[in-house]
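Taken in sequence, the protein lines are chains H and Z. Here numbering that gives the first Met the number 0 is used: the first residue of the first sequence is 0, the next is one more, and so on. Here numbering that gives the first Met the number 0 is used: the first residue of the second sequence is 0, the next is one more, and so on.
One should not assume that every hint holds.
Remember, identical chains collapse to one label, so a pair may be satisfied in a single copy or spanning two.
20 angstroms max Cα-Cα, derived EDC-like pairs, lysine to aspartate or glutamate [to be verified]: (1) Lys57 - Glu25; (2) Lys93 - Asp75; (3) Lys222 - Asp46; (4) Lys283 - Asp356; (5) Lys258 - Glu407; (6) Lys93 - Asp397; (7) Lys287 - Glu25; (8) Lys378 - Glu132; (9) Lys254 - Glu13; (10) Lys403 - Asp260.
To be clear, the hints were calculated from the coordinates, so they are not data collected in a lab.
There are 2 protein chains.
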Amino acid sequence: MKHPIPTRIYITQEEMPEYWYDLRAEMKEKPDPILHPGTLQPVMAADMEPVFCKESVKQELDSTTRLVPIPEGILDFYRAYRPSALIRAFYLEKELGTPAEIYYKFEGINTSGSHKLNSAGPQAFYAKEEGLECLSTETGAGQWGTAMAMACGFFGLGLTVYMVKVSSEQKPYRKAVMETYGAKVIPSPSNTTEAGQKILKENPDTGGSLGCAISEAVETAVKTSKCRYVLGSVLDHVLLHQSVIGMEARTALDKYGIKPDIIIGCAGGGSNFGGLIAPFMGEKIAEKSSTRFIAVEPASCPSFTRGRYVYDFGDTAKMTPLMRMQTLGNGFIPSSSHAGGLRYHGMSPVLSKLYHDGYLEARSETQTGIFDAAVRFMKSEGILPAPESSHAIKAAIDEALECKRSGEKKVILFCLSGTGYFDLSAYMSYNAKTLTDEIPTDEELEQGFASIPDIPQNR
Amino acid sequence: MKHPIPTRIYITQEEMPEYWYDLRAEMKEKPDPILHPGTLQPVMAADMEPVFCKESVKQELDSTTRLVPIPEGILDFYRAYRPSALIRAFYLEKELGTPAEIYYKFEGINTSGSHKLNSAGPQAFYAKEEGLECLSTETGAGQWGTAMAMACGFFGLGLTVYMVKVSSEQKPYRKAVMETYGAKVIPSPSNTTEAGQKILKENPDTGGSLGCAISEAVETAVKTSKCRYVLGSVLDHVLLHQSVIGMEARTALDKYGIKPDIIIGCAGGGSNFGGLIAPFMGEKIAEKSSTRFIAVEPASCPSFTRGRYVYDFGDTAKMTPLMRMQTLGNGFIPSSSHAGGLRYHGMSPVLSKLYHDGYLEARSETQTGIFDAAVRFMKSEGILPAPESSHAIKAAIDEALECKRSGEKKVILFCLSGTGYFDLSAYMSYNAKTLTDEIPTDEELEQGFASIPDIPQNR
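All chains should be built: construct the whole structure from the sequences, respecting the hints.
Following this line, the structure appears as structure tokens:
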């Protein structure tokens, strides 16, 4: 049958948003300020500029402007792969037999395979404008590293990527793509930095962690001339760039007068979820909607559902400023059996604050459960999802099945943040039924919490 | 700068074509008929129906209807991933410094990663309508097998895929995807068929070939109850289904009043190129345009540029009917160093006839040359192309550079038939500079030609 609305709702390039949406400007209570780890006072731009690009620091520290104009050079970059499609999941709905309407914003149609390009482009653009020559960063599953490699290739910048060792072993092809774009890829922990050497000395067999790769990348940035560090999640300026997802989604939904009842996203550091919800959460805060928001995280790295809302370092070597966020402790390292990304110990301070204040819900899922959902989705919708994104799929399916039970015709929107072309070894394990679910024990979590700094704000 | 037209030109789902375009209906001289190998008389439907679905046979043998209505069940399948984007290559144009306008139709946005789904869907749909329970097929690089696995999953049919052994070794993840969709994947030649056993006996170390995998798949189809064989290229009904590419492309171009001067596609069996050119070639035959058409093939399997226009079998075991086509001989096996697909000994009879009659040009390219073009493309356009599709990219770049020399502002359209996510091992070889170019010697070609049947029409 012919559907009343298209399966794929594209906005035109003329309709693409020319503004990012800064959710902080709408928040009644702001996230707590980032603190200097020495003075425990709010950081100033001068504290952060040795590490980050100036414009990123400015965006990080200025939370007053709700609609931030996107520079033309970045719009030009976005036009290389955007707008992304908003897809009505008619085939999945039919398979589930649900009265719910399911929509997903598909951010995987670019070679990085994910939404990460939405912030990689701006950060490379600003670095180039500032006269920098190279950047350094870390990557877990590889989506962010690939996106940065593409963006640095596009704007003509050098790039060093510290890739979490266990991921680099699971995903040799990720490395190939980054190198094809001209990036230098180093498995982390490595001997190229003091932070890496220290970690290797303490734990020679470690598979690495994002927190540890961040330490190495930051150290490299501050020690290299005309080089800065870039981060693909967690920070407020990253969520600002990712709001292009939500702005496009809202434009597409508005065309058909659709109002989502439930908005879902996977959450590791929070970038795709924070980006998707930005304008919709703004409406909720302004009491113009009663939309529910659900963040979905892996049971193996549950910073929302089992973490603490305290000040913590962003990295293992305790080099970054302190952020108040949901955290498992900077020393927490998820089980190496965990297949996908979403393995960061902390969470976006903005999302953490919203969670703390009751604006959003969170749940955790096991990886066998999310692969069940992934395969169900790929068979009906024809798209191979990333394991990360499949956390959102799992929750969307569960909510749609709840509608089937209750008979309610809710509108569900989720972010399909990436594709799984680089995750086939995990799918092979799933097919072979060798994937396991390792959920940290309370004792393991306590070990992670022990790494949280003991400062007055945390008591 | 803001571009005068969008980078991505999407037609809406309401604008999607509801007809396929049968180029044969426009041709002044038709392709020669398919012959029964025993009688050497034109085949009848009854000869083909033990092997193929009835509707495919009907479409294969009826060439009189220019616009063939697409059944609603297939339109519904198409709406799961179509329309595909027509992209203006502004970034590549800028990098080349060419006055040419380059457009490409991007068929890789689905999990099969290629245009192959455009015929896999219809063939599975017709099989289901006919009451069949399973299908068998072959795959080389894996695009067709993946597409059939998706289509059979969608319509609820069993599927056995014979995968050319050398490809199955190069691409373990292809197998994983097909299996996740429920297909049975067997490296070919195998011991599961008489054809495979015979080939293994003669040449135990062979890496296989498409011709040989076809023999195994056909044998399996005819020996299995309620099972038929499906083919992803070469045959007229496949090109008919693929004309959805050209029909969509023309709709999108017409929106902006754009007329292509040069249309380019890679050609192995001819499915994406034949599909793209269909309506445009119809106009040329009707003398309403003077568009140039360029088919690009690998130098390691040059059926257009070094083949013969004679009757030949479609498979190595000489089980299929005879088709008059550009062929290297059914016994020709391309070098195993050849990384991508496009390794079939023959070529679409329709395209072969058009080539023979001077309506289209052909050229061959070495794989190191096409990977150079692929990397240049992916760095500027941000899409990781399949090696197959990169043949078209190479020719598009060469034509655009020719425009730069001559100062002409030509409009170039090519088909980006697929993505390269399953070809990363070839990219790794390219990065490591270990890719080689093996071009068959005249003696090697003569060995292939010796397998062409010695029948009156070939003298």
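Status of the hints after comparison with the structure:
1. For a Cα distance limit of 20 angstroms, the shortest separation of lysine 57 from glutamate 25 inside one copy, 18 angstroms, qualifies, whereas the shortest one across copies, 63 angstroms, does not.
2. With identical chains, the CA atoms of lysine 93 and aspartate 75 are at most 20 angstroms apart between copies only, with a shortest distance of 13 angstroms across copies and 38 angstroms within one.
3. In the homo-oligomer, the alpha carbons of lysine 222 and aspartate 46 lie at most 20 angstroms apart inside one protomer (16 angstroms), although the nearest pairing across protomers, at 75 angstroms, exceeds that limit.
4. For the identical chains of this complex, lysine 283 and aspartate 356 are intra-copy neighbours only, at 13 angstroms inside a copy versus 66 angstroms across copies, given an alpha-carbon limit of 20 angstroms.
5. Taking identical chains as interchangeable, the C-alpha atoms of lysine 258 and glutamate 407 lie at most 20 angstroms apart only when both belong to the same chain, with a minimum of 15 angstroms there against 50 angstroms between chains.
6. For a Cα distance limit of 20 angstroms, the shortest separation of lysine 93 from aspartate 397 inside one copy, 14 angstroms, qualifies, whereas the shortest one across copies, 47 angstroms, does not.
7. When the C-alpha separation of lysine 287 and glutamate 25 is checked against a cutoff of 20 angstroms, the pair qualifies only within one copy, where the shortest distance is 12 angstroms, while the shortest distance between copies is 59 angstroms.
8. Proximity of lysine 378 to glutamate 132 under the C-alpha cut-off of 20 angstroms is restricted to the inter-copy arrangement: shortest distance 18 angstroms between copies versus 45 angstroms within a copy.
9. Within a single copy, lysine 254 and glutamate 13 get their C-alpha atoms as close as 14 angstroms, and across copies as close as 15 angstroms, so both meet the 20 angstroms cut-off.
10. In this assembly of identical chains, lysine 403 and aspartate 260 lie within 20 angstroms of each other by CA distance solely inside one copy; the values are 15 angstroms within and 54 angstroms between copies.
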